[in-house]
Amino acid sequence: MRNNLPTIIGPDAPMTVADEDVAALSFRGVRQTFMKPDGQTPMAILSDISFDVPRGKFVSIIGPSGCGKSTLVQMAAGLLNPSGGSVFHNGKAVTSVNSQIGFVPQQAQLLPWKTMIENVEFPLLLRNVDSRERRERAREVVAKVDLAGFEDHYPYQLSGGMQKRASIARMLIYRPDTILMDEPFGALDAQTRMVMQHDLQAMLETENSSVLFVTHDITEAVILSDTVIVMSRRPAKILAEISIDFARPRNVFEPHACPGFSEAYNEVWSEFRNQLKPSGTA
Amino acid sequence: MTDRVATRTDLKQFGSLWPRLGHWLALAAPGVFLLCFWQYASGRLIRETYISKPSEIGKRLFELFVTGEIWPNLAVTGKELVLSYVIGVTAGVLVGYWLGRSPRVAAIIEPYVMALYGVPKIALAPLFVIWFGIGIWSKVVLAGTMVFFLVFYNVYAGVRSVDREIVNLARVMGANERQLGRQIYLPAAAPHLLLGMRMAIPYAVIGVIVGEFTASISGLGLFINYASSTYDPAGVFAGIFILLAIVTILNAAATRIERRLLRWRPQENSAPPVDGN
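So the protein lines, in turn, are chains A and B. Going by this note's numbering, the first sequence opens with residue 11, and the numbers climb by one from there. Going by this note's numbering, the second sequence opens with residue 595, and the numbers climb by one from there.
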């Protein structure tokens, strides 16, 4: 089997030459139905989801757990075909695994048998980039995510936050124009999470990437995003698409000190609160 | 195993030979005690014709090697061991990997393999002699089958245990099928494979020796069988001690190789993760 990936790409060239007007990601009338565990009854997860991730923008999806947020990310990555509707990446329908896109999963998912820097190089290895260039570019991104000095550590020798950084470096190294992040900081402790949010904001400032970011944390969504999309309970539809306009760079350590944060937070919360089931009800 | 790792760390810490020496002494003590007790009991508590005695066995071993009587037997058994092991491991890896990656084929074939696994291979030894002759091949097939099943099951389980999410992630990062196999499935299955290979060592020895017991013209098994049927307990034990030495050496080598190849896995007393974000 031959790889028909673009054989990379100078350091400054974007991975795909994309039209500025075309949205990085478009979801059009996306529906998803799974079979219940009994294998008989269909269960609607997503009903008629349409939204865009405009080029260079950071869009968060927030919704109650189990509402199918991750399903949307899976679709954009081409790992799952929607039951109805389509997902477009740079104007092209996603029909098979989308290797033009960057994906940061919830767990760092580093390969345990590779050292940190070998993990970061991995996407270039898959693209048959020669080893010297691989190492050179890996050192660059490793410095960018602030992991210099830990190149030869195996994943088990790194803390959770460092594993996450390596996982982000591994995604950044092939310079995808569009990035999917599926609750990337959900498993980290609160302090580490704030540091990661801060650093992510700084990293993206220079990348001009388009990001689709799934989270269940309102503060995280508001502080990082240009747009927050609030989803309902199953079968999920979009309740609101809220623009977050207050100035960047934003201080993730003291979100409430940012002028405009509270208003934006309240706007999201007023949509989101109705979707939380009071405990004890089915 | 854990003890040895600990000893090494200690060694680095104190830069002294004593901890290692102490470890070896502690390791040797039970064996030495057993040998001494055997030496004492032989002729006093139990008749020497039944159990021989260590000094007698040592003398016999010395003679066997000095006169060269044992070498042809060792050569034949060694050849059978190597062949059966290499063939069994290769077949086990190939079939295990194939079925691990093809769940649909596995659903059909696995019950058959499982059923065959349950067949006592030793009961087939006489048949193998008829099929493959009295030479080395009947032993290679017998031992090779035993090695195969152990390696097969471990590789199969290893390939199937690969995290679906890592595979999907690698696909998104651009991996094709060949790269998935080479970069994800094989390394992920490596710990299982190495475990299976280590477990298979004694089974290869058992298979070869049973094969030689059944019918053969040369080999350690034949030597032991001959000594046994001529009321020569010293000969029997000499043969068994050689087998023990072979298994111990091979196992130690396998452990070393395993530790070297799997150095990416946390060891019991390795450094904890670096602190930091």
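Check before you lean on any hint, since a few could be wrong.
Stated by the list, open to error - Quick list of simulated restraints, FRET-style, between CB atoms:
#1 B/R758 x A/R244: 33 to 43 angstroms
#2 A/G159 x B/L710: 24 to 34 angstroms
#3 B/A701 x A/D48: 13 to 23 angstroms
#4 B/R754 x A/E251: 49 to 59 angstroms
#5 A/G270 x B/P697: 25 to 35 angstroms
#6 B/R758 x A/E143: 44 to 54 angstroms
#7 B/L718 x A/E143: 51 to 61 angstroms
#8 A/D48 x B/V699: 38 to 48 angstroms
#9 B/R758 x A/S280: 55 to 65 angstroms
#10 B/R758 x A/D48: 36 to 46 angstroms
#11 A/D58 x B/A709: 47 to 57 angstroms
Claimed, not checked - Residues of chain B placed beyond 10 angstroms of chain A at every Cβ, according to the derived structure:
#12 I703
#13 V713
#14 Q777
#15 I778
#16 F807
#17 I843
#18 W858
In case anyone wonders, no lab produced these hints; they're calculated from the structure. Values in this document were obtained by computation on a predicted structure and should not be read as measured data. Where a beta carbon is used, it is the ideal one built from N, C-alpha and C, also for glycine.
Outcome of the hint check:
1. Judged by the Cβ atoms, the range 33 to 43 angstroms given for B/R758 and A/R244 is violated: they are separated by roughly 23 angstroms.
2. Range check, A/G159 to B/L710: about 53 angstroms between beta-carbon atoms, so the 24 to 34 angstroms window is missed.
3. Taking the beta carbon of each, B/A701 and A/D48 are about 21 angstroms apart, inside 13 to 23 angstroms as hinted.
4. Between B/R754 and A/E251 the C-beta distance comes to about 42 angstroms, which lies outside the given range of 49 to 59 angstroms.
5. Range check, A/G270 to B/P697: about 53 angstroms between beta-carbon atoms, so the 25 to 35 angstroms window is missed.
6. Taking 44 to 54 angstroms as the suggested C-beta distance range, the pair B/R758 and A/E143 does not conform, at roughly 31 angstroms.
7. Distance hint for B/L718 and A/E143: a CB-CB separation of about 56 angstroms, consistent with the stated range 51 to 61 angstroms.
8. Between A/D48 and B/V699 the Cβ separation comes to about 27 angstroms, which falls outside the hinted range of 38 to 48 angstroms.
9. A hinted range of 55 to 65 angstroms is violated for the C-beta pair B/R758 and A/S280, which are about 38 angstroms apart.
10. Between B/R758 and A/D48 the beta carbons are some 22 angstroms apart, a value that contradicts the proposed interval 36 to 46 angstroms.
11. Taking the beta carbon of each, A/D58 and B/A709 are about 51 angstroms apart, inside 47 to 57 angstroms as hinted.
12. Look at B/I703: its CB is around 24 angstroms from the nearest CB on chain A, clear of 10 angstroms, so calling it non-interface holds up.
13. Remark: the non-interface label on B/V713 is consistent with the geometry, its nearest Cβ contact in chain A lying 36 angstroms away (cut-off 10 angstroms).
14. The beta carbon of B/Q777 is not kept farther than 10 angstroms from every beta carbon of chain A, the shortest such distance being approximately 7 angstroms.
15. The non-interface label for B/I778 is inconsistent with chain A: the shortest C-beta to C-beta separation is roughly 7 angstroms, within 10 angstroms.
16. For B/F807, the non-interface assignment is confirmed: its Cβ lies about 42 angstroms from the closest Cβ of chain A, beyond the 10 angstroms cut-off.
17. With a cut of 10 angstroms on Cβ distances, B/I843 stays outside the contact zone with chain A, its closest approach being about 28 angstroms.
18. With 10 angstroms as the threshold on Cβ separation, the claim that B/W858 sits away from chain A is violated: the shortest Cβ distance comes to roughly 4 angstroms.
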